[in-house]
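**Student:** Below, each chain spelled out in residue letters.
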Amino acid sequence: MSHIHIPDGVLPWWLVGAGWVLALALVWYASRRARASEVRRKVPLLGVVAALVLVAMSTEIVPIAYHVNLTVVAGVLLGPWLGAIAAFIVVVMLALLGHGGITVIGLNTLMIATEMALGWALFRLMVRLLGRARVRWAAAIATVLTLAVTTTLLVGLVALGGGGAATGRETGALDPNSLTFANPFSSGVVSVNTLRGAEPAPATPEAPLSLGRFALVVYTLGPIGWLIEALITASILGYAMRVRPQLVLGGTLVVPLRGPVGDEGWH
Amino acid sequence: MDVRAIDLSATSGRSRLHGASATAKLTALALVLAGVVLQQNVLIVAACGLLLAALAVGSRLPLRAVFGLAAYPGIFAVVFALAAAPDLLTGALFVARAVTAALGAIVLVFVTPYPQVFAPLQKVLPEVVGDAMLMTYRSLFLLADKFEHLRLAIRLRSGLSHGQPVRAARASASALGSLVLYALDLSQREYDVLRLRGYEGGLRISRRASASRPFDAALVLAAASLFAVALVFRLAGATLTPYSWLPAALAASVLLVTSAWRLVPR
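Protein chains in written order, with the numbering used here: chain A, 1 to 267; chain B, 1 to 266.
Some hints here could point you the wrong way.
As the list claims (entries may be wrong) - Distance ranges between label pairs, derived from CB positions:
#  : chain 1 : residue 1 : chain 2 : residue 2 : range
1  : A       : Arg242    : B       : Asp2      : 29 to 35 Å
2  : B       : Arg197    : A       : Val21     : 33 to 39 Å
3  : B       : Leu256    : A       : Ala148    : 45 to 51 Å
4  : A       : Ala18     : B       : Leu63     : 33 to 39 Å
5  : B       : His149    : A       : Arg134    : 27 to 33 Å
6  : A       : Gln246    : B       : Arg64     : 43 to 49 Å
7  : B       : Thr11     : A       : Arg132    : 45 to 51 Å
8  : B       : Leu250    : A       : Val21     : 37 to 43 Å
9  : A       : Ala25     : B       : Leu256    : 44 to 50 Å
10 : A       : Thr220    : B       : Leu231    : 28 to 34 Å
11 : A       : Ala121    : B       : Trp261    : 53 to 59 Å
12 : B       : Gly19     : A       : Trp14     : 34 to 40 Å
13 : A       : Leu216    : B       : Glu200    : 52 to 58 Å
14 : B       : Thr23     : A       : Leu216    : 40 to 46 Å
It is worth saying that the hints were derived from the structure and are not from the lab.
All values derive from a computational prediction rather than experimental measurement.
Every residue gets a Cβ at the ideal spot worked out from N, C-alpha and C, and that includes glycine.
Could you put the whole structure together from the sequences, leaning on the hints where they help?
**Tutor:** Here it is as structure tokens:
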């Protein structure tokens, strides 16, 4: 669960604001760290890997709105600090494409940066434990573990955001006390409460998010995505390990690459 | 995601919205977004969405691409609403907010070239982040193009290995691996280009001047009015809710008139 697919205006302001503050602080610190070494080499690398993640994230591969993330691949290639900057860029550009929400840019940045850093750390740990010959297994295990942790973080965020007392409205639209289900337009009453602090509705003073149902859906659909992502990540890193092992094990471009003169056509 | 279509529309469009300054458009987006986010009345959110749609129609944007992109977060919002919304109307509000907020951002990028959007951000972000944003934008075209070719190649290879999903999956993964390696080679070549041009950090964007300052002011004023309406309906929801169909009807009328105007050949 690489980034938060929660619409704008669902999470409370304090949570959204805290996400922005923490994300900007992380990006600022990561930039300071990046400046310590040669920045000229890192800017193109950052841009290209961020573009790679963007292309992956904006392409739906199955009709349940699932897309590949490549965040663990990006983490392995960039490392945690450059990964944090790449995460911010990816989230901003995705938000401008309407994918991910603008107010949740901060939280999304933290989520993706966590995923990249965790993926990077777990992959290295797995390579140490399993050996260099089993890079595919290391990548797959690291990806599944990383996505499981970040999915749990997502559920935690929704819980923080108001999913605490959802049991009273578990029947949702079928709640007989809800005036909104049966033609809400007949009486002109269309204002609904989504979170705490809203003006009271007649029948249900609070209509919090259904955390139990949300967690059920996320933990049911999530593992399918984790497996797809793990297979793709393992294959990519396995392939890269076969042809350019220094990229996978070095973490960043430790050796200057010399590609053939390209015919890709510059803009 | 057709980044070429977005870039073509943003750079070659001739509408008044295209000519407005990026700062005015970003300010307007922020105001509309704030209005949408704080609003709890689905009809007011729908009114904002209809007005944004009218703006897209009036600016002669490629509607299939615009509404296709705006619908994409709607899919996620529906999944989220099914998973977490306590009732049908709240779910509808989630979806309306997601689609309307996305539509605002999408209209912005369809009428403003990405570098112009980044220019104000560069002022407040660390240098390396601003530069990397521009490099991302540049690389996105090349990688998206490559990815499209890749998908075609995958389809062809899968066709050859019909009935052998494992083989097809391996072909797909190898192709994605090739894309990653291509991307890394690309970064090296971009580094070489930057080095040749004497890059020492700090790519500068020349900001495009506004075509009409009065239009900029009108745009921001309209967005501020929308925000004010949303704020009033939020604060006085209990009193005003019975009248919330009025802004929605007005916005629908604007969309209708704009659509009729668009049909008139230029």
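**Student:** Hint by hint, note whether the structure agrees.
**Tutor:** Results for each hint:
1. Arg242(A) to Asp2(B): 29 to 35 Å: Since Arg242(A) and Asp2(B) have Cβ atoms about 33 Å apart, the given range 29 to 35 Å holds.
2. Arg197(B) to Val21(A): 33 to 39 Å: 36 Å, holds
3. Leu256(B) to Ala148(A): 45 to 51 Å: 49 Å Cβ-Cβ, so the 45 to 51 Å window holds.
4. Ala18(A) to Leu63(B): 33 to 39 Å: Since Ala18(A) and Leu63(B) have Cβ atoms about 38 Å apart, the given range 33 to 39 Å holds.
5. His149(B) to Arg134(A): 27 to 33 Å: 32 Å, holds
6. Gln246(A) to Arg64(B): 43 to 49 Å: 45 Å, holds
7. Thr11(B) to Arg132(A): 45 to 51 Å: Between Thr11(B) and Arg132(A), where Cβ atoms are some 47 Å apart, the hint holds.
8. Leu250(B) to Val21(A): 37 to 43 Å: 38 Å, holds
9. Ala25(A) to Leu256(B): 44 to 50 Å: This hint holds: roughly 47 Å between Cβ atoms.
10. Thr220(A) to Leu231(B): 28 to 34 Å: 39 Å, violated
11. Ala121(A) to Trp261(B): 53 to 59 Å: 57 Å, holds
12. Gly19(B) to Trp14(A): 34 to 40 Å: 39 Å, holds
13. Leu216(A) to Glu200(B): 52 to 58 Å: 53 Å, holds
14. Thr23(B) to Leu216(A): 40 to 46 Å: The hint (40 to 46 Å, Cβ to Cβ) holds, given that Thr23(B) and Leu216(A) are roughly 45 Å apart.
When each numbered hint is compared with the structure, a violation occurs for hint 10 only.
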